Structures are given as structure tokens and as C-alpha cells.
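S.K.: Chains as they are written, first to last, in the working numbering: chain A, 1166 to 1526; chain B, 1166 to 1526.
Bear in mind the hints are in silico, worked out from the structure with no lab data behind them.
All values derive from a computational prediction rather than experimental measurement.
Be aware that a few hints might be false.
Copies of the same chain look alike in the list, so a pair counts if it fits in one copy or across any two.
The calculated DMTMM-like cross-link candidates involving lysine to aspartate or glutamate, where the alpha carbons are at most 25 Å apart (straight line), are [unchecked claim]: (1) K1456 x E1344; (2) K1358 x E1477; (3) K1312 x D1214; (4) K1221 x D1199.
Below, each chain spelled out in residue letters.
There are 2 protein chains.
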Amino acid sequence: MIIGILGGGQLARMMALAGYPLGLRFRVLDPAPDACTGHLAEHIQAEFDDPAALRKLARGCDVVTYEFENVPAGALEQLEGTVPLYPPPAALRYSQDRLREKELFGRLDIPTPNHKPVDSRDGLEAAVAEVGLPGVLKTRRLGYDGKGQTVLRKNADLDPAWEQLGAHALIYEALIPFERELSIIAVRGRNGKSAYYPVPENSHCNGILRESRVCPGDPMQQPAEEYAQRLLDELNYVGVLTLELFQLNGQLLANEFAPRVHNSGHWSIEGAETSQFENHLRALMGLPLGKTTPLGHIAMVNFIGHLPGTAEVLACAGTHFHGYGKPERAGRKVGHGTIRASTVEKLQTELERLKKLAMPE
Amino acid sequence: MIIGILGGGQLARMMALAGYPLGLRFRVLDPAPDACTGHLAEHIQAEFDDPAALRKLARGCDVVTYEFENVPAGALEQLEGTVPLYPPPAALRYSQDRLREKELFGRLDIPTPNHKPVDSRDGLEAAVAEVGLPGVLKTRRLGYDGKGQTVLRKNADLDPAWEQLGAHALIYEALIPFERELSIIAVRGRNGKSAYYPVPENSHCNGILRESRVCPGDPMQQPAEEYAQRLLDELNYVGVLTLELFQLNGQLLANEFAPRVHNSGHWSIEGAETSQFENHLRALMGLPLGKTTPLGHIAMVNFIGHLPGTAEVLACAGTHFHGYGKPERAGRKVGHGTIRASTVEKLQTELERLKKLAMPE
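Pulled out of the complex, with its shape left as it was, chain A reads as follows:
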């Protein structure tokens, strides 16, 4: 069986590493000549909306999936109906538009921050009047890792924000003074059965995930699972879906969902009975889902812009190294480390060491 993947970055790479033992083979479509999955899978080097390349991908593959949200609409249309395509494109279309995504959350009674669409400078004024300050003005489409958004704290911020983003369709959301950021990694098989990983608590910096720490027995696990399940069932979902959540006053608010494997689930490679990557593939193939039970106390730290020395990282007890085979560049995710420890105290000690290595400044 051959799995096609739109995108050949680190998520596709880790998917392939998880899938070879299942006897699968991989073919990725990615315009970058040095796409890091290309080291270990067939690589079709072409634009994502190149019709000939998409035909080549679809013809050779049993299932096609994707590792990023911003798959061009034309590519989806061309692929649909020619090859099994999971997760379902409907999920992708919701996640590509922050307004439609929030409307979906609303229909499913999943609480969200207050928000208003913004289509004009007057509309921005009205949205701020209704939602209040501080808030975040975001492009409805094509944002990721904090890109395409700006925080408004006072009325004087409206003009520069509009100047920066006014050319796009926008949404204005209340800025949530959250106690914690959580995410839930959920997976649903072709037969409708689903499974949920224990929620990690996530820390971001400049809009980029820095750290995920798994919280078995977290009191927010149950509501997080309920919200994720509503999405999975509504979308007749197949594969891994990630729902990002804010916790405020003991309640969860949905920030956004990603119809794919997710950085905040990388800990599952060594930290869970079955990794998110393997379970995503099992779902796509119609195979039984694997257990999501954590194996001890687990945390993950991203390596951003800079890859620490392998020897230094591996000298931290219980730490597993992941380099993505990508050149270093400021703000770029180039690897991560996962710590598996037998006690919370050991986890804390190794986590401090690993964070120092990851962020030497």
C-alpha cells in the first residue's frame, strides 16, 4: 500500500517513519527541492496545485492525506473522487477559514472566545465595540504559528492593524487571559470508533509552540474529549484531529482545530502506547486504532531556529532526540526532544536541562 502526502515536511516525515513498520510506502508532493521527507520517501517536486503532479500522486497511491491546512482549493477538487482522501476535505475547508471554523464550533455548542467578522474599517470599529479590548485581529485564511494576526490593546492600535491586515477578510476575537493552553489529539477510524490522547498543556512563544507537557488525569480531559468528539462525528472524520483550547476560570474555550497530526502530539512517539502518527495511518487504512495510554511522565520541547547538539540532548536521562533534517533558520521548527520519566520530579529536572539546551540564549 502506498500513502500519498501533500507536503513533505517534518509531519510527513514522522508519518512515514511510523508507517514503514506497518508495511506502507510513501510518496510526497512538495515544491521544496530539499523537503525533508524526501530523504526517506519518493518525492514529487511540484507545486501543490500542479494538475499533472496531483494526477501522478493520485494514480500511484491507495490513500492520500496532507500534513498542513493550506492545501489549495483546486488541489482538493482535483483529488476528490479520484482517490480516497482523508481527513475529509470538509474538515480542511472549515479549518482554512477562521470564521467558518468558529461558526462550526458554535453550531456544535463548543464555547469559543467572543468574535466578529471584519470586512471593512468600520466593521473593525464595530467589532471592537462589541467584543472589547484587548483582542486579536486575524486573517480568516492562511494564518499559522502566529502569522497573519495582531493584538489590539487600545483604540490607537486599530489604524496600524488595519493598515497591516485590511487587505484580507478578517475576524476579530477577544484576547483570552487564559490560565492554561491545552490541546486534545483525537483520532477516528473508518468504522467511526474514536480514541483520545491525554491532553498536554502547551506553552507558546511568539505564536510558536515551545513545550507540551502531558497531564494524565487532567480535570479538563473529559470536556476536551466531548468537544473533540462532536467535531469528529459532525465531520464523519477519519484520521487525527487536534483541537486547541484555552482554559479560563475552569472552563474550556476552543481556539482552533487542525485536521491533522499536530506538534502538540509529538510526545506520543515515545510517550504513548501508539503514536499519533501511527494512529493517523491506522485510521486511514481502516486498521484497529492503537491504545493512547501514556508511558510514564512525558514532556516535549521544540527546537526552534537552532538544533542543540545531539550528544548534549541525549545526555539528559530518558530524552529522545528528533532532528528533522532541515537547515536551521530563525523561527523554523528544526527538531524536538521528548522526555519520558518514571516520576514527576525526574521529568521536571530533565525538562529544565532540555529547555536550557533548546533555548541557549
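Given the structure of chain A, go ahead and fit chain B onto it with the hints provided.
M.R.: Only chain B this time, still in chain A's reference frame:
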């Protein structure tokens, strides 16, 4: 960093899967056009002693290793001195010759079954007279998985055995009525530090490993480690070394060693804190070795000649599937399954299920 591997079968494949997260890349030399590591690494398709191919391998790689014992002497000679080559070729040369291997065991006070070299029909007579019956007549070189050997139970077996094997240099060994077959997977880094996995108990059928079951706290662990350490230190070893042992009357006898990752260590992929494949690579690269602690109760079952259905295998709780991407053929290792269970009872239940799937007859 690029690692070159002589051989592109399942051992090289699992090495590559373990090494990509370390940021390594892989290049294999293998004459088979469908060598299964070729799906996920650069493949130089040529004979193992092809000088041009060996030059190509050495030129592009930072370290070269191998996945099988029978590397031609000429290939070793060509590679030595042009590229770091681990484990050390001296270890390979001992393991290629059962007589020299046994002599090495003897020098290191590692007990072995009684044995005698056999160079003639008269010599066979003398060896049987000295060692006794039953015994095993083996070629000194190029044997694996029970090939190149035959059991002698009575004097009438000598003639047919000589007819079958007399063209080769031979060794005659006492057939050991062992209580158990064990192996120890040992690893030694460039700095001389070593680590040992918990010994598995192994079951063979027709000379091929069928099942390995890890025995944490086994009373034979300590003598097994001592014998392995003598080999590691004597050979100034770098990488994984496997020592196969018979247990008889509470004592260990060394059968043979393999200067490489080993089938009886495959359980370590999911079953140990660090797999044998990752630790082999860590040793080669001069990186700190990872912990060898087992994660629960672990067993591995080989899939020989026939790959059971992925869905059926994955339906066994805690079972991990490994298909090697090789066509099925009688007697060929085409995959394995590893069970990680929280109790001995659960392990036993799932092991019975998995063995039925592996051997449907």
C-alpha cells in the same frame, strides 16, 4: 551525517528508521534490486565486493557499518582505512569462522560446548570419538539460520554428513541438551562504556528464531553480561554485539556471537527505553548510549514465510506490527510482532494469540 550500510535488508531498514530522528541519513549497498531498505534510503545496487561501488559508499559516508556477518574479505580490506568502519573488522573475522570464534571464547574463559576442527574423513572420526554423540557438524564459514550444518546421532550418520559437508572446512560440536536458549544484546560506545539489554529467552524452529521473550531479573543476566563484556573489551568493540548462549544445569555455554544488531533484540524497538538499533547508531557516532531498561513485559514473534494480516495482529492488545516490505517466501523472515504488556498474564494471553496468527498451520 551519512551512515553507509553493507546490506539493505530488514536490519538495515530498522537501523535507518531508528536513525532518521537522530538527524542521520543512510546509504546502503546491496545487490538485490528490491532490497527493502531501498524504499527509505539511498540504494547502491551492486555486489558487496564491487570495488567501484565500495568506493562510492565510502566516499559519501561518515561511518560504514554492516548488517550481516558474511561480508567478503576483499570488501573489508578495501574499506579499512578509507572510512571509519564499525563494529571493528576483527570482530567480523572471528564471527566468520566458527573455529576461530570458539578459540576466542576459549582464550577469554567463556565456556563453550566441546568441539574439534574437522579437515578430513578421518578427522571426523577422531572428533566424534573425542566429543561424542550426538553432535553437530558445521561448516566453519558462511552458515546462518541453521544452514551449513547437520546433526550426527549415530555412527551411521557420519558418511552422509561427510558427503554433504566434506568439501568445506568443518567443526564438530557436542549437541547440547540445553534447558534454555538465551542471548545477550550488548553495546559499547567509542569511549569504551558499555550497556546490556535484559536477556531474552529464545525459541528456534528449523534453525530459525521464532520467539524471544524478555526475562528481567533473570539469574543468567550477570554471567551473560560478564561473557559479553570480555568480548567487547578484547575486541575494542564499537556498536551492538549479540552473544547466543545455551543454559545447561544452571551454567551458560556460548554458542556464537554476531557482531551486529540481532533478531533476538527486535523487541527493544518498543520494549526498551532505547532500541538496539538506536544504540548501535549512538555507539557508531560517539553519542552517549541510551538506557536499555525494559518498558513492561515484552515478547517478540517472528513472521516467517508468511505475513499475517495487519488488522488481525493490531487487534491483539499492546501488539506492534513490523512488516519488512519483502515478498513472502518459505523460510524467509518477512516481519515480526512485539507485545508490550503491563502484566505477565496479559503478555501470555496476547502471546498465544499472536503465535497463532504467525503460524496459522
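S.K.: Could you run down the list of hints and mark each one as holding or not?
M.R.: Right, here's what the structure says about each hint:
1. K1456 x E1344: This pair counts as neither: shortest intra-copy Cα distance 29 Å, inter-copy 36 Å.
2. K1358 x E1477: between (42 Å within a copy, 17 Å between copies)
3. K1312 x D1214: within (22 Å within a copy, 54 Å between copies)
4. K1221 x D1199: Both ways: K1221 and D1199 sit 20 Å apart in one copy and 22 Å across, limit 25 Å.
Violated hint: 1 only; the structure is consistent with all others.
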